[in-house]
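Asks: Okay, here's what each chain looks like letter by letter:
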Amino acid sequence: MISLLSYPFIQNAFLAGTCIAIVAAVTGYFLLLRGLTFAGHALPNIGFAGAAGAVLLGLDPLFGLLAFTIGAAIGIGLLGRNLRERDLAIGILMTFALALGLLFLSLYSGYAERVYSILFGTILGISRLDVLLSFGVSLLILVSILLLFRPLLFSSYDPEVAEARGVPVRLLAVAFLVLVALTIAIAVQIVGALLVFTLLVGPAATAGRLALRPGAVILLAIALGLLYTWLGILLAVLSGTIPVSFFIAFLSFIVYLPVRLIAPRWQRRPQQPGLLPAAGAGLSQQASAR
Amino acid sequence: MSTKHDQRLSPPGAAPQASSLGGRGQEASPISEPVIELEGVSVCLGGRTILQEVTFTINPGEFIAVLGPNGAGKSTLLKVLLGLIRPSAGTVRLFGQAPRRGNRLIGYAPQHRTLEGALSLRARDLVGFGLDGHRWGPGWFPAGGRRRQAIIEAALAEVDALALADMPVAHLSGGEQQRLLIAQALLSQPRLLLLDEPLSNLDLSHEQEIIALIARLCRTHGMTVLLVSHDVNPLLPVIDRVLYLARGHAAIGKPEQVITSATLSALYGAPVEVVEALGRLFVVGVDI
Ligand SMILES: Nc1ncnc2c1ncn2[C@@H]1O[C@H](COP(=O)(O)OP(=O)(O)OP(=O)(O)O)[C@@H](O)[C@H]1O
Ligand SMILES: [Mg+2]
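Protein chains in written order, with UniProt numbering: chain L, 1 to 290; chain P, 1 to 288.
In short, the hints are calculated from the structure, not lab data.
The reader is advised that the hints may include incorrect statements.
Quick list of the computed label-pair ranges, beta carbon to beta carbon [said to hold, decoys possible]:
id : chain 1 : residue 1 : chain 2 : residue 2 : range
1  : P       : A215      : L       : R260      : 45 to 53 Å
2  : L       : L231      : P       : L45       : 49 to 57 Å
3  : P       : R146      : L       : G80       : 35 to 43 Å
4  : L       : I74       : P       : L281      : 46 to 54 Å
5  : L       : L4        : P       : L84       : 37 to 45 Å
6  : P       : A277      : L       : I92       : 52 to 60 Å
7  : L       : L105      : P       : G46       : 53 to 61 Å
8  : L       : L88       : P       : A262      : 19 to 27 Å
9  : L       : R260      : P       : A89       : 49 to 57 Å
10 : L       : V143      : P       : L84       : 29 to 37 Å
Ideal Cβ positions, reconstructed from N, Cα and C, are used throughout, including at glycine.
Excised from the complex, chain P in its bound form (with noise of 0.2 Å):
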């Protein structure tokens, strides 16, 4: 078991090795090969075209904000991505290949909802599932490990949240479990990291810090980023595109690019204004 860990975050104190991430993900992707590609995707769903002919790449170490309205489709986007909703027409490529549910290179963290249940985990069991919970047999026999509680632990400094660590999940607050969950989905060290509104629930100091992991993770380590947000005035100063997504349609590019009035108001069909105040965008005319 110990040797399936040696890849994994190291515990607190210890040198971040670039080089630790090399290994397998390399194989499946040279650096010149792009980590997603899509080409005339469209996914329907309940008789209803959500995402339609959808055309994008994105390329390794990126650090994409997915941005549009409520019901754009951005949720459904990642789970295509993670191959939980299969797209009617059009080819996905992930490192090259298609995507297949329970792929190792790839880190999720879903929308939040509320986690709770009449009998409680403690914040280190929930992350713990982001390390062997997809795996068969109780795994509890040498005591958990000291060196999985290591990994565990550390995963959870990053996120602030080791204070948290034997509380019940069921407890904490909402903000709290997000943090947990983004810890889940780093611990296995992904090549990709698919996070789904993660800053929704977070105090301002936990937000920055948390997109302040998250660049550093994008570019010590070469992780490719795409985060679901509402806001993306506080991700502007480290992402490297934009993706937004209204009516079925995206754009993809420079935020300077696509955050602009005339970008924005062909892919809503309607009128936008981009307005810049105080140092922040401003889109006006639609509901964002």
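Just chain L, same shape as in the assembly (with noise of 0.2 Å):
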């Protein structure tokens, strides 16, 4: 196993994976709190089509996933916050942007391997320049989520009042979505388009189960992110032919699992101290009010 770990495509499939687990599951917490889980899902299918229509035109297919996921995440950052009808227009346009995708594809006469791997990545080449690339993103990432921190977290909890303190909610809603966007580009090289979401939701929504704070459930969720890279990576090379997304989102259903069915217990609200002199105190007050 240490020979494997030698290979460099092998070394670099690990960093670049470091820095995906990390920045995916920041921002997965994000898109987890602001109910944007659908947004999650809707965005790498529809930076699919993009891949799939930049492979028929002979470009980089990390061009098109770009233009498309940025620019789908900058529509959905737009459309407002009524969730449902948010999300039926979030359905409609993944649903389209599919149809594209697949007619690119039948339109596209060459080998499609380039396709199939944007679909479910590969830690087979991935290049130091790749490994560069997804590292100088990610940090992009970080440092604007930590920039925009305090008011991403107020506004996606209360954004009626963080906008009457002054936040630019409709703003930030679309900067958020954006680096989103520039998470999944990133991700979809080794998790692949179908597959980003696990790495994007799993850490946070099992994270979220078991720490009550902010900053504890983000470091809690970037830890279990890396638990399922690290590991899903070393059981893909060991396995040699089984994709790397199939463990990643094995392992983050069988942490979920338990997690969803015990963890309620922890957050259980404690008895609250002095209930009955308050509410003595409640009822002489009554009396002298009248």
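Mind docking these for me? Both chains are given alone in their own frames, and the hints should help you get the complex.
Replies: Put into structure tokens, the structure is as follows:
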């Protein structure tokens, strides 16, 4: 196994995977918080259509992916807050993009291996350049989120008050989704468009059931994301043929399941102290108020 | 960062300092100048006229109850003052200036809808948004700061929610969440407090407590308060005037002038009877 790790392409997969796991966990936390999980599912699918289009035009699929995800991210960010209406619009947009992707694929006569790897991801052929690119983009995303942190959190929980307090809520929504689009663009190379969602939402969903404060949830989500990614890559290398996205999704599921079933016990509200005296005080106050 | 906190709620036990509120607020509003001036303000939303040529003035330190039936435009009026909705006609002045978002002189607690989320936040984190939620950067570096936590706890104690400080917000009842939102609005020591139905989910003892708290802030700190409510009775001992909205029109004045059969019938454009019984006022004849 140690000898496997000495292969440069496996090292590259680990390095890129580490960057991706961290940013996916952080952006995934805010996706959950903002009720945007469906957007997190739709964006990579929309990106796939862009990638297929780029392949058809003979361009690097990454460009098509970026163009489509960022375009859709801005559109979704501008859609507004009404959850049901927004998800409906996202669904229609996503199916339209998938239809386009299908059209591009059927028009493309060449060997569709690049499209296949966009869909399912690969740990082969990740170059040093890809690693550097992943690292740079991840750093950009993390620094941006750190800068936006408080207003983003505030407007995720209570957009109305945040807006009244001068937080540019609309702009933040768009900026955040563009960061999600960038996260997806770098994650797709390893985990693939179909299963990026696992890495975005899985760690944050599990961490959210275990920790209470935003900071703790984010750190735990990062730890889980790294665990799934490292183990996933290792298992994929050992198995030889099974894609890494399968292992990541599988690990994410088997950790989430027991947490989901057991965690409510930790989050039950503690007994409130002094309930009786407070009620008594209330009664006497009412009497005097009349 | 600490200098920014100096003006805010004193930690428990510290003597209330009326003078600490002077500073910035005084420059913006000399004591004679009204806090809120509306002149011929109309608001249209989705093609409907919600407020029509509304004119009134509110002076510093006044405690105003905003009354009116569902859909009368009470929440809309507060959003106009916050700069969230732009009137289609007329002028609005707050502290002598046009309304704008992010005005630090205003504290706001919106009409309640239950806060929930897949991922939880503790009560103290929610209240803390009132202090620095709008600032850029992560802000958790010097561990949130003991001073920051003391300010938050003082605000929680004011609304009798100190025991809830570390609970996940999603697990709190509607009334408990409402008290947190009031604490959040008070945190920046605003000069004008806009509360949209803050009493709607409260039990009687907390209702009395919150009214007493707001009345105290109003009297001792000279804070101006607009409080939206559907029942004027618990507020009668403490308010200065009522602002009654109906059918897009507004009537303002002392409760005994406005909550009368004649004034309300004119406002509603339909016969309305105000009945006094058991020391309480009841408006009969329309849906209030
Ligand atoms: N964004 C909007 N677009 C169109 N109409 C709106 C909008 N917001 C509010 N309205 C309408 O404006 C009217 C006034 O709403 P508002 O929320 O101000 O009423 P309210 O007096 O606060 O009522 P309630 O007692 O139910 O809280 C309502 O009829 C509502 O349907
Ligand atoms: Mg309302």
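Asks: Does 49 to 57 Å hold as the CB distance between L231(L) and L45(P), or does it fail?
Replies: holds, 54 Å
Asks: Does the hinted range 29 to 37 Å hold for V143(L) and L84(P) at CB?
Replies: Once the Cβ atoms are compared, 31 Å apart, the range 29 to 37 Å for L84(P) and V143(L) holds.
Asks: For the pair A215(P) and R260(L), does the Cβ-Cβ distance stay inside 45 to 53 Å?
Replies: For R260(L) against A215(P), whose Cβ atoms are near 47 Å apart, the range 45 to 53 Å holds.
Asks: For the range 52 to 60 Å, tell me whether the beta carbons of A277(P) and I92(L) fit it or not.
Replies: holds, 57 Å
Asks: Between L105(L) and G46(P), is the Cβ distance one that fits in 53 to 61 Å?
Replies: violated, 43 Å
Asks: When you take the CB atoms of L88(L) and A262(P), is the distance between them in 19 to 27 Å?
Replies: Violated, since L88(L) and A262(P) (Cβ atoms, about 50 Å apart) do not stay within the stated range.
Asks: For the pair R146(P) and G80(L), does the Cβ-Cβ distance stay inside 35 to 43 Å?
Replies: holds, 40 Å
Asks: Given the hint of 46 to 54 Å, is the C-beta distance from I74(L) to L281(P) inside that range or not?
Replies: holds, 53 Å
Asks: Given the hint of 49 to 57 Å, is the C-beta distance from R260(L) to A89(P) inside that range or not?
Replies: holds, 54 Å
Asks: Could you tell me whether the CB distance from L4(L) to L84(P) stays inside 37 to 45 Å?
Replies: violated, 58 Å
In this structure, the earlier hints numbered 5, 7, 8 are contradicted, and the remaining ones agree with it.
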